[in-house]
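Using the supplied hints, reconstruct the complex from the two chains, each of which is provided in its own coordinate frame.
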Amino acid sequence: MMKIRPYGSHALLINFEQKIDLEIHHLVKGYFNAISEFEEVSYQIPAYCSITVVFDKKTTDYEHLKSKIELLEIEPSKTTAKTTTIEIPVCYEAAYAPDLASLAQELNLKPEEVISLHTAETYDVYMMGFLPGFPYLGKLPVALECKRKSTPRKQVKAGNVGLAGQQTGIYPSDAPGGWQLIGQTPLKIFDPHRKDAFLLKMGDRVQFKSINAETYIKIKQDVE
Amino acid sequence: MSNDLTLTFLKAGLQTTLQDNGRKGYQQLGIPKGGALDQSSASMANHIVGNESDEPLLEITMAGPEILFDSDAIIAVTGAHFDVYSDNVLIENDKVHYLESGTMIRFDKLNAGCRAYLAVAGNWKVKKWKDSVSPLLQVAEATPNSVIKKGTKININSSYLNHTNLWDKKIPYPALSNKVRLRVLVGPEFHSISRLAIANFFGKGHKVSNDANRMGYRLSSQLEKATEIKELISSGIIPGTVQLTGSGQPIILLNDAQTTGGYPRIANIIDEDLDQLAQLKPGDEIWFSLI
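First to last, the protein sequences are chains A and B. Start counting the first sequence at 1; every next residue gets the next number (my numbering). Start counting the second sequence at 1; every next residue gets the next number (my numbering).
Bound-form chain B, shown alone (with noise of 0.2 Å):
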C-alpha cells in the first residue's frame, strides 16, 4: 500500500536540509562532496523506517522546523536530541513513530548535540543534481527544494507497510558530548608549523568558534609561533582536514567545503570520527589525539 504524502513547512528552522550520501566523482569540477554532515545518524534514521541509506532525509541544526503532514507517515528522528513533539506529545529520537493524517512535528529546545536528522518512509519526489540532493551553496538552483524555507512542500511516495527496524546497535553512533576527543592523523604538511605549536595543537583543548557551519569549524583558539605559514600552491582538501590559516587559527574543512586550498593542511580527523565533530557546535571542546 502507498499513498502520496506532503510535508509543509511551516518553521524552517535554523538551518534544515535535505541530505543523503552526497556526490562522488565530481570533485574534479570543484564540486563539494555534500551530503549529510552525521552519516551514522543519517543512515540509521532511514534503516529504522526501512529506507534505503541513500534516500533524502532532512538534517535540522540547532533550531528545528514545525512539519505538518498531510497523510499517514512513519518517521524516526535520530542524532541530536531535541525536544521533539507529535502533535502534543514528546517522542522519542532512535524510534519508530507512526504518523495519522493532519499530525505537526515541532522540533523544540536542544538538549545535546546540534544535528538531527528525520527520515520518512518512502521514495522523495525530490530534485537531485548530479545524484544528490544536497545543497550547493553557490549555485542554489541546482536542488531548489534542498535548503528548507518557510512554506517549503516535500512530496513523498509514502510506503505505510514499509518493513521497519529497530535500532541497530552495530552502527557506530556518536555519543552528544560538550567535549570530545578526536583522533587525527599528520596531515601533508604537519612538518612545515612549529613545535611549539604543535605542542598547542595536542596539548590544548580548543574550543569551535561561532563561525561553525557545513563548510567548516573555525576553532577559536591560536597556535603560537604559527605566523611564519606561508601559502602553498593550491592542492585537493577533503572532509576532516585541519588546516592552519594565515592569522594561526586552526580550521576544521567539512562537507561542503571548498575542494582545494592553499593553507597548511597539518592534521586530518580520521573519517570514523567525522559524525562525532558534526555534533558539536559553537563553544564546544575539542582535544585532539595523534593515532
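Only chain A is shown next, with the shape it has when bound in the complex (with noise of 0.2 Å):
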C-alpha cells in the first residue's frame, strides 16, 4: 500500500512498501509518468521504493495534490509496455575490471563465471542518483550479491561497472565510490555536450555485452 506523507513545506513523500521489488518499481515508474503531468508539482525523485514531489506552493497546496494523487489508478502492469533495452558493452578484462579478481574468490566463482553471471540477467533502472547520471540497476542474480568495499576508492573512473549488495551500477562521471569494480564501458553513459545527455534513465531496462579490449579501444575512440 502507498502512504503519502509531507516532506518539508513544498514537498510530499510518497512512500511504497520499503522493498527493492520489480513490481513496486513499476508502481513507482507508473506515479513518476502520471505526476509528470501535473503543472502544479516543480521536480520530482523516483526512487526504489518512494517518490519524492516538490510542488510550487502558489498553486497548490499539500492536501489538494495528496488527494490528486490518491486519485489516479495506475496500473503497474501498463507502464512495463513501452520498456526500452539498452545494450551496453563492457570489457571485463583484468586491466578493467580491478575488483573482478578478488570478488570472484570471495563468492567462491571463478572470474568467467561473474562475467557470465553479469551478462545473463536483463537489469531494471530502479532509479537514478548519487552523481548525475548514475544508474542503479537490479537485481543481481543472488550468487553475485556482495558487500560495498571496506575503503572506498578516492577516484573511480567514468564508465567503470561496479556491484553492491543487490545492485549494479555504470560510473557517469569519474568520482569517489565503493563499489566492487568487474568491468568497464566504453561507452559514455552521461555526456553533458551530447544533447541527449543521458543514455539511461528510470524504467529503461540494460543487457551488458561482454567485449575484449581490442574492441574497447575501438568503440572508445568512436565515441571520443
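Note that these hints are calculated values from the structure, not bench results. Since this is a predicted model, take the numbers as computed values, not measurements. Where is the CB? At the ideal position from N, CA and C, for every residue including glycine. Possibly wrong hints are sitting among the right ones.
Stated by the list, open to error - Derived lysine to aspartate or glutamate pairs resembling DMTMM-like cross-links, with alpha carbons at most 20 Å apart:
| id | chain 1 | residue 1 | chain 2 | residue 2 |
| --- | --- | --- | --- | --- |
| 1 | B | K130 | A | E39 |
| 2 | A | K3 | B | E189 |
| 3 | B | K130 | B | E141 |
| 4 | A | K82 | A | D196 |
What the hints assert, rightly or not - Here are a few chain A residues that face chain B, going by a calculated C-beta distance under 10 Å:
| id | residue |
| --- | --- |
| 5 | Q18 |
| 6 | Q44 |
| 7 | L131 |
Stated by the list, open to error - Covered stretches of chain B, as calculated for chain A (at least 3 residues, CB under 8 Å):
| id | stretch |
| --- | --- |
| 8 | 21-27 |
| 9 | 40-54 |
| 10 | 194-203 |
| 11 | 232-238 |
See below:
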C-alpha cells in the first residue's frame, strides 16, 4: 500500500512498501509518469520504493496534491509495455576490472562465471541518484550479491561497472566510490555536451555484453 | 543603449560561482537543483539593477574576488556584508551603483553573513546547461565559466539605461546573525530516532562545523543514543533536509547535495528559512524549532 506524507514545506513523500522489488518499481514508474503531467509539480525524485514530489506552493498545497495523487489509478502492468532495452558493451579483462579477481574468490566463483552471470541478466534502471546520471540497476543474481569495499576508492573512473548489495551500476563521471569494480564500458553514459546527455533513465532496461580490449579501444575512439 | 562589458577576475575569492534559480525537472536523473543558496538576496540584487530574477549573478563566499570592469556598468551587492570597494571608495550593500569604465570592484573584509551576491545589469553571455549556469560539482565542463578562477572573463551585454529599482521591502531578507532559530517540520524518519536524540536536537544549539559547503552543512553536535540508526533504502533528498548520519552527527543538505540518500531524514527546514541558513558560516549556531 502507498502512504503519502508531508516532506518539508514544499514537498510530499510517497512511500510504497519498503523493499527493492520489481512490482514496486513499476508502481513508482507509473506514478512518476502520471505526476509528471501535473503543472503544479516542480520536480520529482523517484527512488526504489518512494517518490519525492516537490510542488509550487503558489499553485497548490499539500492536501490538494495528496488527494489528486490518491485519485490516480495506476496499473503497474501498463507501464512495462513501452520499456526500452539498451545494450551496454563492457570489457571485463583484468586491466579494466580491478576487483573482478578478488570478488570472484570471495563469491567462490571463477571470474568467467561472474562475467557470464552478470551478462545473462537483463537489469531494470530502478532509479538514478548519487551522481548526475548514475543508474541503480537491479536486481543482481543471488550468486553475485556482495558487500561494498570496506575502504572506498578515492577515484573511480567514468565508465567503470560495479556491484554493491543487490545492485549493479555504471559510473557516469570520475568520482569516489565503494562499489566492486568488475569491468568498464567505453560508452559515455553521461555526456553534458551531447544533446541527449543521458544514455539511461529510470525505467529503462540494460543488457551488458562482454567485449575484448581491442573492441573496447575501438568503440572508445568512435565515441570520443 | 547597450554596450559590451567584460568582467575580468584578478582574484577569484574563496568560492565564487555563477548562480541563478537552478534546475528543476532533472532530479529524476540525479541532477541536484543548484542555484543561489540565498534566493532572496540573489533576486533582490537582480531586482535592484533591473534584471529578471533568473539572470545569472555572482555568489561570493566568505572571501571575495577582485573584478575589473572594462566598460560602464550598473551593479548591486546584497546578502553578506563585506567591505566592498569601488576603486578606493567603500560602497553600500542593497543600493544601485553606477561604475565607469576601468573600475575595480574589490571585496575585502567580511563583516557579517557568509554569501554575498553581485548583480550586473544586462544580459550575461555565459553557457547554460539544462536551463541553468549553476556549476555541477562532478561535471565542470557542462558550464565551463561558472566556477570563477583567477583570469576568468565574463561577458555581459549591458543595458546602461536599464530601469533600476530601489530595495523592495516586501521581499523577505535574511538577517545576518551568528545565532539563528530555524523552523523545521518533522522529517519522514523522525520517529525512528530516540527520545533523547529528539530532546538533544531541539533542546540545544548546534554549531556549524568546518565541513560546510554548497552540498551541505555538517553540524558539530552529536545526538546521543543515535547509534542504532540503520541505513534505509535510498530515497529522495531536498534542500533543507536534516539527515542523521551513522555517527549521530546531523547534516543539513543543501542545493548541490546528491538527490538521493540512505540516512534517516529527521527534520526539514522550511523553505522560507533556507536563505537564513545560507548566511551561516562555520562556528555559527542553529536552534531548531518545530512548527
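Tested hints:
For a cut-off of 20 Å, the pair hint linking K130(B) to E39(A) stands: about 19 Å separates their Cα positions. Between K3(A) and E189(B), the direct Cα distance comes to roughly 13 Å. Compliance with the 20 Å bound is thereby established for this hinted pair. For the given pair, K130(B) sits about 13 Å from E141(B) by alpha-carbon distance, which is consistent with the 20 Å threshold. At roughly 19 Å between alpha-carbon atoms, K82(A) and D196(A) fall within 20 Å of each other, so this suggested pair holds.
Contact between Q18(A) and chain B, as hinted, is supported at the beta carbon level, the nearest pair being about 6 Å apart and thus within 10 Å. The interface hint given for Q44(A) holds, since its Cβ lies 6 Å from the closest Cβ of chain B, which is under the 10 Å cut-off. Restraint check, L131(A) versus chain B: the minimum CB separation of about 6 Å is within 10 Å; hint holds. A count of 4 residues in the stretch 21-27 of chain B with a Cβ less than 8 Å from any Cβ of chain A is obtained; the coverage claim is therefore met, three being the minimum.
Look at the stretch 40-54 of chain B against chain A: 0 of its residues bring a Cβ nearer than 8 Å to a Cβ of that chain, fewer than three, so the hint is violated. Note: the stretch 194-203 of chain B has 0 residues with beta-carbon separation from chain A under 8 Å; the three-residue rule is not met and the coverage is violated. Counting residues of the stretch 232-238 of chain B whose C-beta sits closer than 8 Å to any C-beta of chain A gives 7, which meets the bar of three, so the coverage hint holds.
Hints 9, 10 from the earlier list are contradicted by this structure; the remaining hints agree with it.
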